[in-house]
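Produce the entire structure from the sequences given, and follow the hints as far as they go.
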Amino acid sequence: MKDFVYSKNAGENKFAYVIDDGIQIDVKNDEKIDEDPSSHGTKEASKALGRRHGVQYVASAGNETKTPGRENIDTLPKACEDKYTPIINVGAAISEGSQADFSQAGSKLTLYAPGRVVEAAPAVAGIIATYLSLDQSPWDGSKTGKDRVQAIKDHIPTDGSSWIRKQGSNVRMIWKGATEADHNSVGAHKCDDSSKKRGLCPGSPSSQPSASAQPALYANRTI
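Take the sequence shown: its position 96, counted from the start at 1, is 96 in the UniProt record's numbering, and no numbers get skipped.
Keep in mind the hints are simulated off the structure, nothing from the lab.
Please note that a few of the clues may not be correct.
Said to hold, decoys possible - List time: in silico DSS-like cross-link candidates among lysine-lysine, alpha-carbon distance up to 25 Å: (1) LYS83 with LYS146; (2) LYS166 with LYS66; (3) LYS66 with LYS108; (4) LYS166 with LYS108; (5) LYS83 with LYS166.
Quantities reported herein were computed from a predicted structural model and do not represent experimental measurements.
So, in structure tokens, the structure goes:
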């Protein structure tokens, strides 16, 4: 991925944990089905982990906005987001900076990330891991536990880590800090003949964030 520019630290010595329904590698066929539709235990464990140990929880906003009455975040654990539980909820956006037509939003949404054919929430989790690997984090590094989690969440939607790609919209997209100069220095976004034939050479963004920044995960391809 020559068009993906990142810092040398690249999240070194940091871990991102996937919390989902789980993986069973030793399976025996049985007529009975073991289901956990709400994952309540996982939800409570993740909340406790963040409060006690400063582990940031990043969740997908959900993909049910086309269902009447479900335009906003409405499932667990993301619906638990409040001042006591600073979960980062990530909506999906398309490359030009608009909300994806399937992505849920609402007052509990933190920000957006590219999410048409890729997963939005893991991109944000990865960028947080990169921040954590820096010698000096962009938030108050002395904070611990829930205060640290809140500091991370407060920073993510600021101009230092996100931008509004489509002017006039309220869709704030994650940005990892790479500037136009950073991209040019490694030859990123060079359009070769193969890319031209496939129509994967969009022009430069008509509007740029401060410091001529490029959005996180943006490359010379449609999303």
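Hints and how they fare:
1. With a CA separation close to 10 Å, the supplied pair LYS83 and LYS146 stays within the 25 Å bound.
2. With a CA separation close to 22 Å, the supplied pair LYS166 and LYS66 stays within the 25 Å bound.
3. With a C-alpha separation of about 18 Å, the suggested pairing of LYS66 with LYS108 holds against the 25 Å cut-off.
4. Restraint check for LYS166 and LYS108: satisfied, since their Cα atoms lie roughly 21 Å apart, inside the 25 Å limit.
5. Under the criterion of a C-alpha separation no larger than 25 Å, the hint pairing LYS83 with LYS166 is inconsistent with the structure, at around 29 Å.
Consistency with the previously given hints fails for number 5 only.
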